[in-house]
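Asks: Residue strings, one per chain:
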Amino acid sequence: MEPRPRSFYILGAFFVVFLLFLYGPIMTIGILSFQGPQGGLTFPMNGVSLHWFRDLHQEQAVGDIWGSFGRSFTLGLMVMVTTVVVSVLAGMAFRKRFAGSGVLFYLTIASLVIPSILVSLGVGLIFNQLGLKVHWSTSGFGSQLTWTLPFGLLIMFAVFNRFDKSYEEAARDQGASAWQTFAHVVLPMIAPSLIGVALFGFTLSYDEFARTLLTAGSYNTLPLEIYGMTTNVTTPVIFALGTLTTLFSLGIIAVFFLTVWVIQKRRSKQASDAGSGLV
Amino acid sequence: MTDLASSDRSTTSTAPRARTSGLSTRMIGWLQAAPLAIVLACFLVLPIGMIAIVSFWGATEFSIYPAFQFDNYRFLFSSPVTYSVFLNTFKYAAITWACSLLIGFAVAYFLAFHIRSLHWQIGLFLLCTIPFWTSNIIRMISWIPFLGRNGIANSALISWGVIDEPLDWLLFSDFSVILAFVHLYTLFMVVPIFNSMMRIDRSLLEAARDNGASGWQTLWNVIIPLCKPGIMIGTIFVVTLVMGDFITVRFMSGSQKANVGRLISNDISLLQYPSASATAIILLCTVLIVIAILLRFVDIRKEL
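These protein sequences, in sequence, are chains A and B.
Quick note on numbering: the working numbering labels position 77 of the first sequence as 77, and the sequence is numbered without any gaps.
Quick note on numbering: the working numbering labels position 24 of the second sequence as 1024, and the sequence is numbered without any gaps.
Incorrect hints may appear among the rest.
Unchecked claim - Partial pick of chain A residues on the chain B-facing surface, computed with a CB cut under 7 angstroms:
id : residue
1  : Phe18
2  : Leu32
3  : Pro115
4  : Ser249
Derived by calculation from the structure, the hints in this document are not laboratory data.
Ideal Cβ placement from N, Cα and C applies to all residues, glycine included.
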């Protein structure tokens, strides 16, 4: 192996600094959330305890963290399932040209780049004028989909652009119906990417703040709850909440990656070549 | 595009059958695209239309009423605040863009060209994306113990003897706002640039070297032009996210600075929906113009 050029070491050092920049602050609040009962929002640490985590379980002066967590989780799952189903359908549709496909494509891109607060404001106004009540499971759900679906569709584009059509042709030549071709050939091949779409859908929804601001109604989702807390909570309890939600997100990622790993392992055990053209 | 419809037609022999199957595949295409179209129509097109309509409405202190007047726009364009706030928005977008491009390019370059094993590439790349999955607001709050008057940065600088007094401009300033933007959005630059770098045929780099190009010449004449699509997509992401933001600016400036998003959210909190809508429409037009300019440099649909 040839010796590393000098730029390798410079960029390597830069990369490490970048990682410190990404992780440093989050680690800081991770450490500070273990402050003692007398501790404040900054260093130095005033003792070490689980006080603030215990405090999270108690009735909060503002709002209800666990209720909002439940709502965010449910909403995340709803958005996740919808995103996967709708993105796969739309991804399949875009493989062929259909009237209006150009308009729909640019609309999807627009959905990605239009500032979130506009979606929030517009949906809020419409519900208001129609006399409907805004609620996280209706207006909030729809608003979040305008953010997750474009990501889902873009991933599906990437998947289908690298998809070998000869597998489908082979299935059809052997007499498979359109549905059989989809269920037994296409779906197993794209399954690992669908897990990626699901991960995107869930976490984007779980963290979404701006699009839910005016559309969640009287019951807060977790990001809204945290936002509320930042304005009037001045104890490390908010750091404890931050640490917990971060750990929860990491747990979700771990579950998703474990699923991908298990699927791939099982697949290689069955010695099927399905999907080998993909990854 | 060798589509399903054409291959269907080639296998079916009789003309009438071919026509019905052609019709049904078109129907299937529409049915498959329908859910996406319906969601976007209900939660994107109609709401934006509603904002456009309401931007001409009037408002009292407690309610809004239908009208067709230009008062909201007239007020916006006559107020010097509007111009300074828009200027501030562009400033944030430009500086954040420049920082995230430099960092994103360097990080993507390191991952794509200096890391040789695919496993390490994927591993280090995932390491960069993990913080992205945790809440934006939490990531913003996490800067406060870092940058505050008695924060880690100030105490470290004082103990190293770099400064005598805590720096006040670290938190609740333009500096902290831009720092948070770079922290939140640089990943949106890394991903597309990394993606285009991974597609560059490595033999091109060898050819450049064989022809006597220096490292810088290869970078400037080969790598950067081939990364242009990635840079453009990353730029669109970063610029639109920063221009539409209202929460980062509020948080990190301690409510001392304003951008267009904050102008809108302030109006909303005062229930001044028509005036918020008018500002929103102007923001929307600005964003669309910026994107239209950027799209002249790249065909997104070809790059996917």
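Asks: Against each hint, give a clear statement of whether it holds in the structure.
Replies: Checked hints:
{"no.": "1", "hint": "Phe18", "verdict": "holds (6 angstroms)"}
{"no.": "2", "hint": "Leu32", "verdict": "holds (6 angstroms)"}
{"no.": "3", "hint": "Pro115", "verdict": "holds (2 angstroms)"}
{"no.": "4", "hint": "Ser249", "verdict": "holds (5 angstroms)"}
Of the numbered hints stated above, none is contradicted by the structure.
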